[in-house]
Amino acid sequence: MSETLDQNAIYEIENLLRNPPKGAWVKKDIGREIIGISTRSKSSIFIFIFTLAFSGASFLVLFQIIMIRELIISLLIMLIFAPAVIFLWVQVFYSIFGKIEFVTNKSGQDYIFVGIGRIGKKHVLKWASIKNIFEQISHNSEGGSSKKIFIEGENLIKISINGINENKSMFLIKVLKYHKNIKDIFQQF
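Residue numbering for the sequence shown follows our numbering, starting at 1 and increasing by one per position.
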């Protein structure tokens with residue numbers, strides 16, 4: 001169940017909404033409010049350099065195979081490397097230009113948008129079914145880790161926040177929890 005809001009929590013969230021951390025924003029539009037964070041991070045430099053090197057190496061290998069006229073092998077390599085290169089470039093653009101936005105609509109459904117510009121995925125929030133909102137860090141056997149925001153409800157929503165500044169991710173989590181509490185209070189009446 002949702003935590004009850006006390007005056008200190010309300011003051012903290014309202015202060016956060018007036019003064020969001022660097023890389024976060026609050027925009028009021030006609031009939032809606034947009035609260036967002038950029039996905040820009042320091043790790044985007046590493047991702048860019050790695051993707052550039054991987055793309056270049058893939059192109060050179062493919063070029064060499066085409067030069068020796070091995071069409072079937074070059075097609076197989078293209079089928080393997082092309083999806084990987086495309087995936088990596090999407091990650092680069094997302095880590096530089098991406099955003100996560102929480103949109104509250106007075107006349108419609110609230111949602112979270114994850115993407116670049118207007119291209120991305122929209123997760124509709126069904127507040128009545130949401131039971132918990134939290135951040136989870138999972139570690140894999142190779143020593144890497146993955147950070148996600150989980151919104152448990154009718155549908156489980158997972159939002160990757162890898163590399164995103166802690167201030168921005170905590171801002172988003174606090175705002176989501178605050179809105180969940182408000183929706184719970186209004187449902188009681």
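Do not rely on the hints blindly, as some may be mistaken.
Claimed, not checked - Simulated pairs of lysine-lysine, PhoX-like, Cα-Cα distance not exceeding 25 Å:
{"#": "1", "residue 1": "Lys28", "residue 2": "Lys42"}
{"#": "2", "residue 1": "Lys131", "residue 2": "Lys177"}
{"#": "3", "residue 1": "Lys99", "residue 2": "Lys122"}
{"#": "4", "residue 1": "Lys126", "residue 2": "Lys42"}
{"#": "5", "residue 1": "Lys183", "residue 2": "Lys27"}
{"#": "6", "residue 1": "Lys22", "residue 2": "Lys148"}
{"#": "7", "residue 1": "Lys183", "residue 2": "Lys121"}
{"#": "8", "residue 1": "Lys122", "residue 2": "Lys22"}
{"#": "9", "residue 1": "Lys180", "residue 2": "Lys148"}
{"#": "10", "residue 1": "Lys42", "residue 2": "Lys131"}
{"#": "11", "residue 1": "Lys147", "residue 2": "Lys106"}
{"#": "12", "residue 1": "Lys158", "residue 2": "Lys147"}
{"#": "13", "residue 1": "Lys122", "residue 2": "Lys106"}
{"#": "14", "residue 1": "Lys27", "residue 2": "Lys99"}
{"#": "15", "residue 1": "Lys121", "residue 2": "Lys148"}
Bear in mind the hints are in silico, worked out from the structure with no lab data behind them.
Going down the list of hints, with the structure as the test:
1. Lys28 / Lys42: Violated, because 29 Å separates the two Cα atoms, which is more than 25 Å.
2. Lys131 / Lys177: Since the Cα atoms of Lys131 and Lys177 sit roughly 10 Å apart, the hinted pair holds (cutoff 25 Å).
3. Lys99 / Lys122: holds (12 Å)
4. Lys126 / Lys42: This hinted pair is violated, its Cα atoms lying about 34 Å apart.
5. Lys183 / Lys27: holds (20 Å)
6. Lys22 / Lys148: holds (20 Å)
7. Lys183 / Lys121: Cα-Cα ~23 Å, so holds.
8. Lys122 / Lys22: Distance of about 24 Å is within 25 Å: holds.
9. Lys180 / Lys148: holds (18 Å)
10. Lys42 / Lys131: Not OK: Lys42 and Lys131 at ~33 Å, beyond 25 Å, violated.
11. Lys147 / Lys106: violated (31 Å)
12. Lys158 / Lys147: holds (10 Å)
13. Lys122 / Lys106: holds (17 Å)
14. Lys27 / Lys99: Answer holds: Lys27 to Lys99 is near 14 Å, not above 25 Å.
15. Lys121 / Lys148: holds (15 Å)
Going down the numbered hints, you'll see the structure goes against 1, 4, 10 and 11, while the others check out.
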